[in-house]
Amino acid sequence: GEDVEQSLFLSVREGDSSVINCTYTDSSSTYLYWYKQEPGAGLQLLTYIFSNMDMKQDQRLTVLLNKKDKHLSLRIADTQTGDSAIYFCAESYGSDGGSTLGRLYFGRGTQLTVWP
Amino acid sequence: DVKVTQSSRYLVKRTGEKVFLECVQDMDHENMFWYRQDPGLGLRLIYFSYDVKMKEKGDIPEGYSVSREKKERFSLILESASTNQTSMYLCASSHTTGSAGNTGELFFGEGSRLTVL
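Residue numbers (the numbering used here), protein chains in the order written: chain A, 15 to 130; chain B, 59 to 175.
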């Protein structure tokens, strides 16, 4: 559960869809998360998906989970300039005793830039 | 409104000084964490604690120590600050997973940006 990979940069035009991709390694992760960090601020949970789900939709956000390929994606529809931020993918630790410690493993973050 | 509060948003210290970063949460969470964030490196875990007076090393504990005397408070200590500890420090807390309805979500503070000269 220690290698969470995501691309570092993504640029889109306002109104387009954004897709941020992530791969993780721990097949026993219970939850997978997307966090958003705006400039100068801490991280805020954007959405999460339970490992027995394939998809979760929440307004403009769609999360897709492919457990076979250990691939997670976040799609933002109708991207706005206010969506410009760093987006972090994270996985929970495995299903053994370590999971009770609540430790998450984070990717390096994808800087999303939205052009007007 | 749930809250994780970090005492200082910005600090400037000199090499060799002792630095205390304080974090308080009001959600009665068992787990608390200190991360540092550097451009291109993402979040790296320094220390975490799953109970009062308990602590566990994360991935980069060297040069740091922590203290958890009360459940709501988790302090990060730099015994002798060095320039390579210039960074953004993020505190987070969570409930122990497995509790009913608990997703293991981490709640973060706003961060403390430390500059060591």
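Please note that the accuracy of each hint is not assured.
Unchecked claim - Derived DEER-like restraints, expressed as beta-carbon distance ranges:
(1) Glu168(B) with Phe64(A): 22 to 32 Å
(2) Leu99(B) with Pro130(A): 46 to 56 Å
(3) Arg72(B) with Asp92(A): 42 to 52 Å
(4) Asp96(B) with Ser65(A): 21 to 31 Å
(5) Arg72(B) with Gln71(A): 46 to 56 Å
(6) Ser138(B) with Gly96(A): 25 to 35 Å
(7) Lys76(B) with Arg74(A): 38 to 48 Å
I should point out that these hints are in silico values taken from the structure, not numbers from a laboratory. Glycine included, every Cβ here is placed at the ideal spot set by N, Cα and C.
* **Hint check against the structure, violated hint numbers in rising order** => 2 and 6
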